[in-house]
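There are 6 protein chains.
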Amino acid sequence: MRLLLINPNISDSVSDLIGAEARRSASPGTEIEVLTAPFGVAYIETRFEALIGAYAAAQLAAEHHERFDAVIVAAFGDPGLGGLREALPCPVTGLTEAALASACLLGGRFSIVAISQRIKAWYRETVQHYGLESRLASIRALDEPLADIGNVQGNQGEALVALAERCVREDGADVIVLAGAPLAGLARTLAGRLPVPTVDGVSSAVRHAETLVRLRPQRALQGSYAPVPRKPHRGLPAPIVRLLERP
Amino acid sequence: MRLLLINPNISDSVSDLIGAEARRSASPGTEIEVLTAPFGVAYIETRFEALIGAYAAAQLAAEHHERFDAVIVAAFGDPGLGGLREALPCPVTGLTEAALASACLLGGRFSIVAISQRIKAWYRETVQHYGLESRLASIRALDEPLADIGNVQGNQGEALVALAERCVREDGADVIVLAGAPLAGLARTLAGRLPVPTVDGVSSAVRHAETLVRLRPQRALQGSYAPVPRKPHRGLPAPIVRLLERP
Amino acid sequence: MRLLLINPNISDSVSDLIGAEARRSASPGTEIEVLTAPFGVAYIETRFEALIGAYAAAQLAAEHHERFDAVIVAAFGDPGLGGLREALPCPVTGLTEAALASACLLGGRFSIVAISQRIKAWYRETVQHYGLESRLASIRALDEPLADIGNVQGNQGEALVALAERCVREDGADVIVLAGAPLAGLARTLAGRLPVPTVDGVSSAVRHAETLVRLRPQRALQGSYAPVPRKPHRGLPAPIVRLLERP
Amino acid sequence: MRLLLINPNISDSVSDLIGAEARRSASPGTEIEVLTAPFGVAYIETRFEALIGAYAAAQLAAEHHERFDAVIVAAFGDPGLGGLREALPCPVTGLTEAALASACLLGGRFSIVAISQRIKAWYRETVQHYGLESRLASIRALDEPLADIGNVQGNQGEALVALAERCVREDGADVIVLAGAPLAGLARTLAGRLPVPTVDGVSSAVRHAETLVRLRPQRALQGSYAPVPRKPHRGLPAPIVRLLERP
Amino acid sequence: MRLLLINPNISDSVSDLIGAEARRSASPGTEIEVLTAPFGVAYIETRFEALIGAYAAAQLAAEHHERFDAVIVAAFGDPGLGGLREALPCPVTGLTEAALASACLLGGRFSIVAISQRIKAWYRETVQHYGLESRLASIRALDEPLADIGNVQGNQGEALVALAERCVREDGADVIVLAGAPLAGLARTLAGRLPVPTVDGVSSAVRHAETLVRLRPQRALQGSYAPVPRKPHRGLPAPIVRLLERP
Amino acid sequence: MRLLLINPNISDSVSDLIGAEARRSASPGTEIEVLTAPFGVAYIETRFEALIGAYAAAQLAAEHHERFDAVIVAAFGDPGLGGLREALPCPVTGLTEAALASACLLGGRFSIVAISQRIKAWYRETVQHYGLESRLASIRALDEPLADIGNVQGNQGEALVALAERCVREDGADVIVLAGAPLAGLARTLAGRLPVPTVDGVSSAVRHAETLVRLRPQRALQGSYAPVPRKPHRGLPAPIVRLLERP
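In order, the protein sequences belong to chains A, B, C, D, E and F.
Under this note's numbering, residue 257 is the last one in the first sequence; the count climbs by one each step, no gaps.
Under this note's numbering, residue 257 is the last one in the second sequence; the count climbs by one each step, no gaps.
Under this note's numbering, residue 257 is the last one in the third sequence; the count climbs by one each step, no gaps.
Under this note's numbering, residue 257 is the last one in the fourth sequence; the count climbs by one each step, no gaps.
Under this note's numbering, residue 257 is the last one in the fifth sequence; the count climbs by one each step, no gaps.
Under this note's numbering, residue 257 is the last one in the sixth sequence; the count climbs by one each step, no gaps.
Simulated from the structure, these hints should not be mistaken for lab results.
Check the hints yourself; a few may be wrong.
Any copy will do: because identical chains look the same in the list, a pair fits if it lies in one copy or spans two.
Below, simulated SDA-like cross-link-like pairs (lysine to any residue); rule was C-alpha separation at most 20 Å, straight line [claimed, not checked]:
#: 1; residue 1: Lys241; residue 2: Gly160
#: 2; residue 1: Lys130; residue 2: Pro155
#: 3; residue 1: Lys130; residue 2: Gly182
#: 4; residue 1: Lys130; residue 2: Ile159
#: 5; residue 1: Lys130; residue 2: Glu175
#: 6; residue 1: Lys130; residue 2: Glu143
#: 7; residue 1: Lys130; residue 2: Gly202
#: 8; residue 1: Lys130; residue 2: Arg252
#: 9; residue 1: Lys130; residue 2: Gly141
#: 10; residue 1: Lys241; residue 2: Gln127
#: 11; residue 1: Lys241; residue 2: Ser144
#: 12; residue 1: Lys130; residue 2: Asp181
#: 13; residue 1: Lys130; residue 2: Leu156
#: 14; residue 1: Lys130; residue 2: Ser144
#: 15; residue 1: Lys241; residue 2: Val251
#: 16; residue 1: Lys130; residue 2: Gln163
#: 17; residue 1: Lys241; residue 2: Arg203
#: 18; residue 1: Lys130; residue 2: Pro205
Isolated chain A, as found in the complex (with noise of 0.2 Å):
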């Protein structure tokens, strides 16, 4: 099985943690494979970002997609993932998506901890787009600058550890989410050190993504997930045409 996971931002830093804990996270006989967007900026707080982000994401897939049995959006937010869902034929998933299907395996409410202030509305609509809201106990996140956004884990690591007891203590969260791309890995760096379980989106989007490709649900033809209906275009990338004009 191949999995594409699409970074779309464009820090290397951040492929690189994603594709070290996809590959500690993929069953065997997955092989891995991570793109990082040749535009857009170096990580997603906001609306704008993650507007650019989508089209960043959906232009790498359309173009790689075919040599691959699911695509992963590999950033929290999952900018373009229902766009993608209606117009790839494999199946697709998100880093924040996956990680709260694996937070309600896992117990009632859970809490998000994050990297900054400014991404919390935007995880806050999210999880309100994922009609999760019941379920979130809390966000919190980081109030200081990032001075290295791939070393947030090694700058950060005991005040997210502080986040995440707080939420447990103060907001009655049973599961805790890790959250960002820029955090993958960092649940299994913290094994036994926090009192509830905790999520990493990435490592949850592999395995789910296997999942769906081992289950092979049938593709949608019909509902708001067949593919695109056809209709003039123009001035678009030809990847993305492809994908507009599949049969």
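Given chain A's structure and the hints, the job is docking chains B, C, D, E and F onto it.
Just chains B, C, D, E and F now, with coordinates in the frame of chain A:
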């Protein structure tokens, strides 16, 4: 006052409908300009097409906003609206957001009448995104191919009236939203034909944009609509870079 | 265009604040008239006072509406608004409904800053009535006696700014609604003092009422805002009888 | 124990139905008195009529409550209930609130069977006001003119049974609420005719009012049902002034 | 009238508290019997303990219900209530369901004061099960070991009062629910100590059970509380078999 | 890896279906064992039967869990799941929870196709318990007696396909959940017959349980899924006592 309406699709005929209704609706002294997306599809029915339209709208807004007092995303579903509200220094709204604001000022529960079955899921998600699902009575839509996206009003006018009547009689709607830029101006044409107040997205957006400009609310300096935080970026079009780097 | 603002309370000083902000906000050519309730209390904090204010507003509206293009219930909580929308042949809105419509056009989640602790429950119920609780970040209020209801802005201005800042910083508000007719015009005075867009009920109601008049949506002939069905009545003031018996 | 039931409408025939069912339902030793509004309409279907009924109920309650241990607003939709709970020193309930409490003690989801199409929106808003929309299976209503509001049970009894059966079979109702004071006592008459527990507003209100009196819960001294804060007032009827000024 | 209260836990001291408050609350002529679970734990804080308590309650109810007019599950969280309502031919309620019904008749939003931190999640899920989360202001609980489950009231009375006061002042509660059978009767003891109406589960359940018996609503013959459909079974205690096979 | 699937019902034929689909779905190296409840009913349609099944599942899990890496409650409605997640030291999931997780990874809104009308309320409550009602498009069910619970797939296969098609066409479902252990494996059999992705509870539970074992999230030491607090107990089966007293 100068308002920019961005059609995030490639249909010039729809841009003409948008422009005509916008000019009919604007206050004296308001100038209207409509721009059509240089790339994209004929009209948006899916999340994937919305993703493309959002990026096209962002590019046009980034390039042209400086000449305008407010910007309107002139497609239902409001592709890119949240991001543009963060990135632009002027007020921004969209056809759905504006139409729903009007509908909420006219009655308790509204129904949306739309141009295709496929579009219903995307509209439902848009209403949920705005937190207004408790006020949504129903979404009803045409169920036949659209021969000419620029002439839906002429070809399917009677069918649309029939759908609206069912929304009132069977679903308990107090207000009808005629949804989709291809229906721009139809509420005006149907004056006296429908049994409840009927809302048009373009005229609502024009009037509400004027209001936002006149009320001059404080710009967002904090909160989740403050300007996008500075961070490394790569490969982006110059106008988008200017937005990301505005002081 | 002629707009009637009804202060459902007895405070002439508040009616003066309402009138001043209404005139500052209105479009050229819009005439403003403010009427003060002949019976009732100084300001509404409770459901019981709202019940009285609703009846006072209904009597004033019944008696005077014919000279106006639209009617505004000029108190937060919108006492009587739903009923007047059924009974009057012209558009009707209220300060809360209009302020929330503006807030929803400016950002994702709003907080309400209010003038007394007791008023918070009534405002919360009003927001819930409009189905907007998912967009309500918080309600914060002054916690001291109001020496002069006509001069809350002068006496408690700084305290109100401090509350608004906490709404943004601690509660995640993108927009502030300064609530209560006694705060009419304060958003304008505070221009530049607050970190997010700030909404005023009176100016919002005036502009949105103008919009409703200009858009001329079809009157409700069916649905739950159609005119009140004819039936026996007894002992009602003549203007209310005229409303109940209008064709 | 003495209970006051206030019919906020002018129909003496409905007051007779209310009184008869109240007496059949009361515990030994409970005395029942029913007062009919001196002004208002024959029965409430709309928000505007509810506004009038609320004020009429408030006046009657203010004038007469001192002789009673509890007060019941004896119309569905409970016009004025929230306000009276603040203002009166004794327990207060209403037909809808009480019927919904009974329904929630009898099953999971309830349907409301009502006497007119127009009344449905007002009842839906009442259920939402009580936060019980997730337990509402449906509202179904008669769709024909009511020749005699005092004899709906006789004229439309079979039609009401048919509606109730559809609520169970098609909508998943576990409990039926027969709504509207004109249906007072019908649940008793239909004993054995309906397939699920059936709730009557008057008997529920009488029994629950007795319970509130017997449980003697602490009066509200704080919170949003504490007595109305003292403030200037003008032009109010003497009994309402007494309520506003009670210590 | 004869009421059976089932303590699904093994604490005889708590059964004594339940019985005492039940007798104080019952109407003249109502006979009270309390049965204690023959197996289980001292008090329920978790879903696992509730699962055990539900089965114990079912066995006791199956064996004894025929001598009673109504059955009460006398633990907060109402273990087994939904199932017993299907299986028993008489009315059934539980302490939480009944307390929430009382709370909803006394004010807008209620807080629950509970005896342990661990119990909070289970109570929150119970409130959500009843669809009343929009009326829940908060859950606050003791945070210390319970030396004697039969004497929490004596040992922690002042701490419970302090929690209730915070619910009113900080969380906006209009009503306090003192939760947990070990607190049976405390609302009565605290009369005059708390600033808002305070609800006790046992007295609420006794009074509401009396009401359900007196109102004699139609038994459920259809809907989801109709008797359990006949089907093969095996290995069940004889009283449960009798319930499953009742005509 | 060793997985224990507990059929909380007494139907060996259903256990065979469960085991067969579990083995088809498991990864290489995963061993499957299915245990059938020694007491209970043929299949669960009601809350009362679920209460019995929960206790049976708890006894089996308590007795056998030590030999397994994860436990699956192999009935829809997940009887006992929440409690077992607290009490067992290994991951636990259930057919509904797992199927809903799969459905949420495949599309926006799902419908449940079930085997009896009576079962619908119990399934609806289960979906609400998981907070996913906003993603539930509909529940449709067979409406005829089940001659043989072990052969519903053979006898009613075409009827089930027809129900699924209506869920897509009329209710807007993007995904179908074939619900009930008696339908285990049917999604696989119907491959290519249905127009949207179709989810099976057993295969979902097996794959997700494997994922939970592989991700090795931190065990819950705090929060509401921490082990059950020690307290007095009486009369419980030895395996349950061992769970309650595990360190």
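Structure-based check of each hint:
In this assembly of identical chains, Lys241 and Gly160 lie within 20 Å of each other by CA distance solely across copies; the values are 13 Å between and 42 Å within a copy. When the C-alpha separation of Lys130 and Pro155 is checked against a cutoff of 20 Å, the pair qualifies only within one copy, where the shortest distance is 15 Å, while the shortest distance between copies is 36 Å. In this assembly of identical chains, Lys130 and Gly182 lie within 20 Å of each other by CA distance both inside one copy and across copies; the values are 18 Å within and 9 Å between. In this homomeric assembly, Lys130 and Ile159 come within 20 Å of each other (Cα to Cα) only inside a single copy, at 17 Å, whereas the closest approach across copies is 38 Å.
For the homomeric pair Lys130 and Glu175, the shortest alpha-carbon distances inside one copy (18 Å) and between copies (18 Å) are both at most 20 Å. In the homo-oligomer, the alpha carbons of Lys130 and Glu143 lie at most 20 Å apart both inside one protomer (13 Å) and across protomers (19 Å), since each shortest distance falls under that limit. Within a single copy, Lys130 and Gly202 get their C-alpha atoms no closer than 26 Å, and across copies no closer than 25 Å, so neither meets the 20 Å cut-off. Proximity of Lys130 to Arg252 under the C-alpha cut-off of 20 Å is found in neither arrangement, the shortest distances being 36 Å within a copy and 25 Å between copies.
For the identical chains of this complex, Lys130 and Gly141 are neighbours both inside a copy (17 Å) and across copies (18 Å), given an alpha-carbon limit of 20 Å. In the homo-oligomer, the alpha carbons of Lys241 and Gln127 lie at most 20 Å apart only across protomers (15 Å), although the nearest pairing inside one protomer, at 41 Å, exceeds that limit. Taking the closest pair of Cα atoms, Lys241 and Ser144 never come within 20 Å of each other, the shortest separation being 39 Å inside a single copy and 31 Å across copies. Taking the closest pair of Cα atoms, Lys130 and Asp181 come within 20 Å of each other both inside a single copy (16 Å) and across two copies (11 Å).
Taking the closest pair of Cα atoms, Lys130 and Leu156 come within 20 Å of each other only inside a single copy of the chain (15 Å); across copies the shortest separation is 36 Å, beyond that limit. Within a single copy, Lys130 and Ser144 get their C-alpha atoms as close as 17 Å, and across copies as close as 16 Å, so both meet the 20 Å cut-off. Only within a single protomer do Lys241 and Val251 lie at most 20 Å apart by alpha-carbon distance; the minimum there is 11 Å, versus 32 Å between protomers. For the identical chains of this complex, Lys130 and Gln163 are intra-copy neighbours only, at 18 Å inside a copy versus 33 Å across copies, given an alpha-carbon limit of 20 Å.
Proximity of Lys241 to Arg203 under the C-alpha cut-off of 20 Å is found in neither arrangement, the shortest distances being 54 Å within a copy and 27 Å between copies. Taking the shortest Cα distances, Lys130 and Pro205 sit within 20 Å of each other only across copies (18 Å), while inside one copy they are farther apart (23 Å).
Checked against the numbered hints given earlier, the structure breaks hints 7, 8, 11, 17 and satisfies all the rest.
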